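Novice: What follows is each chain in one-letter form.
Number of protein chains: 2
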Amino acid sequence: MLTKSEENYIKEIYTLETEHRTDVNTNLIAEKIEAKASSVTDMLKKLAKKDLLVYQKYKGVKLNNEGKKIALSIVRKHRLWETFLFEKLNFEWDEVHEIAEQLEHIHSEKLTNQLDAFLNYPKVDPHGDPIPDANGKISTIKTICLSQLKIGETGVFIEVKNDSEKFLKYLTKNNLTLGTIIKVIDKEEFDNSLKIEIENKQFNISEDVIKNIYLKK
Amino acid sequence: MLTKSEENYIKEIYTLETEHRTDVNTNLIAEKIEAKASSVTDMLKKLAKKDLLVYQKYKGVKLNNEGKKIALSIVRKHRLWETFLFEKLNFEWDEVHEIAEQLEHIHSEKLTNQLDAFLNYPKVDPHGDPIPDANGKISTIKTICLSQLKIGETGVFIEVKNDSEKFLKYLTKNNLTLGTIIKVIDKEEFDNSLKIEIENKQFNISEDVIKNIYLKK
DNA sequence: ACAATGTTTTAGATGTGTCTAAAAAAAAAG
DNA sequence: CTTTTTTTTTAGACACATCTAAAACATTGT
Ligand SMILES: [Mn+2]
Ligand SMILES: [Mn+2]
Ligand SMILES: [Mn+2]
Ligand SMILES: [Mn+2]
Numbered sequence: 234m235l236t237k238s239e240e241n242y243i244k245e246i247y248t249l250e251t252e253h254r255t256d257v258n259t260n261l262i263a264e265k266i267e268a269k270a271s272s273v274t275d276m277l278k279k280l281a282k283k284d285l286l287v288y289q290k291y292k293g294v295k296l297n298n299e300g301k302k303i304a305l306s307i308v309r310k311h312r313l314w315e316t317f318l319f320e321k322l323n324f325e326w327d328e329v330h331e332i333a334e335q336l337e338h339i340h341s342e343k344l345t346n347q348l349d350a351f352l353n354y355p356k357v358d359p360h361g362d363p364i365p366d367a368n369g370k371i372s373t374i375k376t377i378c379l380s381q382l383k384i385g386e387t388g389v390f391i392e393v394k395n396d397s398e399k400f401l402k403y404l405t406k407n408n409l410t411l412g413t414i415i416k417v418i419d420k421e422e423f424d425n426s427l428k429i430e431i432e433n434k435q436f437n438i439s440e441d442v443i444k445n446i447y448l449k450k
Numbered sequence: 234m235l236t237k238s239e240e241n242y243i244k245e246i247y248t249l250e251t252e253h254r255t256d257v258n259t260n261l262i263a264e265k266i267e268a269k270a271s272s273v274t275d276m277l278k279k280l281a282k283k284d285l286l287v288y289q290k291y292k293g294v295k296l297n298n299e300g301k302k303i304a305l306s307i308v309r310k311h312r313l314w315e316t317f318l319f320e321k322l323n324f325e326w327d328e329v330h331e332i333a334e335q336l337e338h339i340h341s342e343k344l345t346n347q348l349d350a351f352l353n354y355p356k357v358d359p360h361g362d363p364i365p366d367a368n369g370k371i372s373t374i375k376t377i378c379l380s381q382l383k384i385g386e387t388g389v390f391i392e393v394k395n396d397s398e399k400f401l402k403y404l405t406k407n408n409l410t411l412g413t414i415i416k417v418i419d420k421e422e423f424d425n426s427l428k429i430e431i432e433n434k435q436f437n438i439s440e441d442v443i444k445n446i447y448l449k450k
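Line by line, the protein sequences give chains A and B.
Going by the numbering used here, the first residue of the first sequence is number 234, and it counts up by one from there.
Going by the numbering used here, the first residue of the second sequence is number 234, and it counts up by one from there.
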């Protein structure tokens with residue numbers, strides 16, 4: 234059985250692998266986990282010895298099948314718990330991530346699967362992220378980043394790629410919630426900001442915001 | 234914020250204090266926590282320094298108000314989660330304890346209170362144990378142990394004081410579930426066993442079983 | 001090609017929670 | 001009131017997860 238720490242590393246490496254699709258390096262992990270590079274090296278050695286990833290000195294790291302399987306089970310738990318908190322316990326979408334960080338480490342397959350059933354096998358969590366099923370299968374709905382939209386085009390906001398409380402509160406304040414139809418009015422080449430329109434109201438958003446907003450066309 | 238280990242000690246000391254109503258000693262804690270006496274001594278020193286209990290070398294230990302408050306909040310979480318698993322996720326009463334041992338260490342007051350509300354402020358958990366409210370108030374329903382009943386008397390089984398899977402499975406197998414009306418048919422002085430009657434069927438139970446069964450008359 | 005820069009690993013330290021073995025204190029027995 | 005037994009504490013060790021500082025390696029720029 235893995236420790237909380239080991240699970241957090243596995244999950245983070247999985248996320249970085251799927252996001253960056255390049256070999257994941259020590260400093261990147263260190264930054265995300267908020268630990269020093271030396272601590273990361275120690276942990277990578279440990280996880281390699283446990284046969285969850287392939288690690289070669291100075292060459293970065295890659296999850297093997299067992300590692301991916303574990304990562305998916307943690308992601309599954311995280312997103313199911315977020316959905317539970319949001320759907321059943323009246324939490325806001327900006328409050329669920331922190332608590333799910335704890336709940337994702339509860340060990341009980343039966344609990345996970347019963348929770349899944351209780352929630353009616355949800356496909357996505359409150360941030361629009363897909364929830365892996367009991368076999369680790371994860372549905373991949375095609376989404377495009379708001380930055381890809383051309384002037385005049387519209388899309389439906391269906392996924393947010395930043396779960397932090399601050400960011401989500403900002404979105405809520407500006408009516409940028411899931412399901413909202415967003416139209417691109419203008420692009421500013423200088424700072425990559427956008428003028429967008431939601432329900433006939435127009436306003437500007439920065440690149441930092443744009444890059445976390447994903448749509449279906 | 235307390236560690237899981239510290240919380241487990243606090244909870245166990247609380248349970249021993251309320252059960253034994255005598256000063257709790259090192260070996261007793263060691264046995265319950267399944268650790269060595271030397272480890273217990275170390276932890277008691279630490280908890281004393283954190284001002285959660287009064288500890289004097291060789292004199293045993295006693296929770297102070299802050300310690301009791303924390304103990305009650307952990308007991309509250311444990312029993313609320315057991316109730317959730319039982320009521321909402323279709324777990325059996327013998328399956329909930331182990332998982333609640335993990336869930337009781339999730340830190341979020343809002344989560345605890347929302348869960349309480351979601352479950353409709355339950356008064357007792359699946360084993361009939363009272364659930365402390367948000368202020369730490371715990372209702373004390375008068376119960377008597379089955380061993381106190383005289384021959385010919387009856388009582389309703391409303392609380393079980395042993396959450397282990399094995400014991401609870403034994404009870405289920407013998408129709409000894411909460412709410413059952415139990416009549417004492419005969420007492421065996423030799424081994425303190427009882428012949429009891431449930432729904433017109435009679436059978437014998439041992440002292441080990443009897444001492445964990447609590448009734449209202 | 002090699003010096004400067006950046007990245008990663010090693011060495012050695014710390015805090016937590018555990019253990020075994022031995023010493024100290026308390027309780028029980030004679 | 002001693003001696004024996006039991007309980008509790010101390011001393012010293014270890015695994016885990018972390019850190020800082022220094023060394024080793026890799027990459028980049030001239
Ligand atoms: Mn986590
Ligand atoms: Mn999420
Ligand atoms: Mn329990
Ligand atoms: Mn219980």
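Derived by calculation from the structure, the hints in this document are not laboratory data.
If you're wondering where the values come from, they're calculated on a predicted model, not measured in any experiment.
Be careful, since some hints might not be right.
Calculated cross-link-like contacts (lysine-lysine; reagent style DSS-like; alpha-carbon spacing at most 30 Å) [unchecked claim]:
id	chain 1	residue 1	chain 2	residue 2
1	A	Lys265	B	Lys295
2	B	Lys278	A	Lys321
3	A	Lys406	B	Lys265
4	B	Lys356	A	Lys343
5	B	Lys237	A	Lys302
6	B	Lys302	A	Lys282
7	A	Lys343	B	Lys402
8	A	Lys356	B	Lys402
9	B	Lys394	A	Lys343
10	A	Lys370	B	Lys321
11	B	Lys237	A	Lys283
12	B	Lys356	A	Lys321
13	A	Lys399	B	Lys394
14	B	Lys265	A	Lys343
15	B	Lys282	A	Lys237
16	B	Lys321	A	Lys237
17	A	Lys278	B	Lys237
18	B	Lys237	A	Lys343
19	A	Lys237	B	Lys428
20	A	Lys356	B	Lys321
21	A	Lys399	B	Lys279
22	B	Lys343	A	Lys402
23	B	Lys394	A	Lys301
24	B	Lys434	A	Lys321
25	B	Lys406	A	Lys237
26	A	Lys343	B	Lys278
27	B	Lys283	A	Lys279
28	A	Lys237	B	Lys343
29	A	Lys237	B	Lys302
30	A	Lys237	B	Lys416
31	A	Lys237	B	Lys269
32	B	Lys343	A	Lys321
33	A	Lys394	B	Lys301
34	A	Lys237	B	Lys278
35	A	Lys237	B	Lys375
36	A	Lys343	A	Lys383
37	B	Lys282	A	Lys343
38	A	Lys343	B	Lys321
Novice: Now look at each hint and say whether the structure bears it out.
Specialist: Comparing the hints with the structure gives:
| no. | hint | in the structure |
| --- | --- | --- |
| 1 | A:Lys265 <-> B:Lys295 | violated, 43 Å |
| 2 | B:Lys278 <-> A:Lys321 | violated, 41 Å |
| 3 | A:Lys406 <-> B:Lys265 | violated, 51 Å |
| 4 | B:Lys356 <-> A:Lys343 | holds, 26 Å |
| 5 | B:Lys237 <-> A:Lys302 | holds, 27 Å |
| 6 | B:Lys302 <-> A:Lys282 | violated, 43 Å |
| 7 | A:Lys343 <-> B:Lys402 | holds, 18 Å |
| 8 | A:Lys356 <-> B:Lys402 | violated, 36 Å |
| 9 | B:Lys394 <-> A:Lys343 | holds, 25 Å |
| 10 | A:Lys370 <-> B:Lys321 | holds, 26 Å |
| 11 | B:Lys237 <-> A:Lys283 | holds, 25 Å |
| 12 | B:Lys356 <-> A:Lys321 | holds, 20 Å |
| 13 | A:Lys399 <-> B:Lys394 | violated, 46 Å |
| 14 | B:Lys265 <-> A:Lys343 | holds, 27 Å |
| 15 | B:Lys282 <-> A:Lys237 | holds, 27 Å |
| 16 | B:Lys321 <-> A:Lys237 | holds, 27 Å |
| 17 | A:Lys278 <-> B:Lys237 | holds, 26 Å |
| 18 | B:Lys237 <-> A:Lys343 | holds, 23 Å |
| 19 | A:Lys237 <-> B:Lys428 | violated, 49 Å |
| 20 | A:Lys356 <-> B:Lys321 | holds, 20 Å |
| 21 | A:Lys399 <-> B:Lys279 | violated, 36 Å |
| 22 | B:Lys343 <-> A:Lys402 | holds, 18 Å |
| 23 | B:Lys394 <-> A:Lys301 | violated, 42 Å |
| 24 | B:Lys434 <-> A:Lys321 | violated, 43 Å |
| 25 | B:Lys406 <-> A:Lys237 | violated, 37 Å |
| 26 | A:Lys343 <-> B:Lys278 | violated, 38 Å |
| 27 | B:Lys283 <-> A:Lys279 | violated, 33 Å |
| 28 | A:Lys237 <-> B:Lys343 | holds, 23 Å |
| 29 | A:Lys237 <-> B:Lys302 | holds, 27 Å |
| 30 | A:Lys237 <-> B:Lys416 | violated, 49 Å |
| 31 | A:Lys237 <-> B:Lys269 | holds, 25 Å |
| 32 | B:Lys343 <-> A:Lys321 | holds, 13 Å |
| 33 | A:Lys394 <-> B:Lys301 | violated, 42 Å |
| 34 | A:Lys237 <-> B:Lys278 | holds, 26 Å |
| 35 | A:Lys237 <-> B:Lys375 | violated, 41 Å |
| 36 | A:Lys343 <-> A:Lys383 | violated, 46 Å |
| 37 | B:Lys282 <-> A:Lys343 | violated, 40 Å |
| 38 | A:Lys343 <-> B:Lys321 | holds, 13 Å |
Hint compliance for this structure: hints 1, 2, 3, 6, 8, 13, 19, 21, 23, 24, 25, 26, 27, 30, 33, 35, 36 and 37 are not met, and every other hint is.
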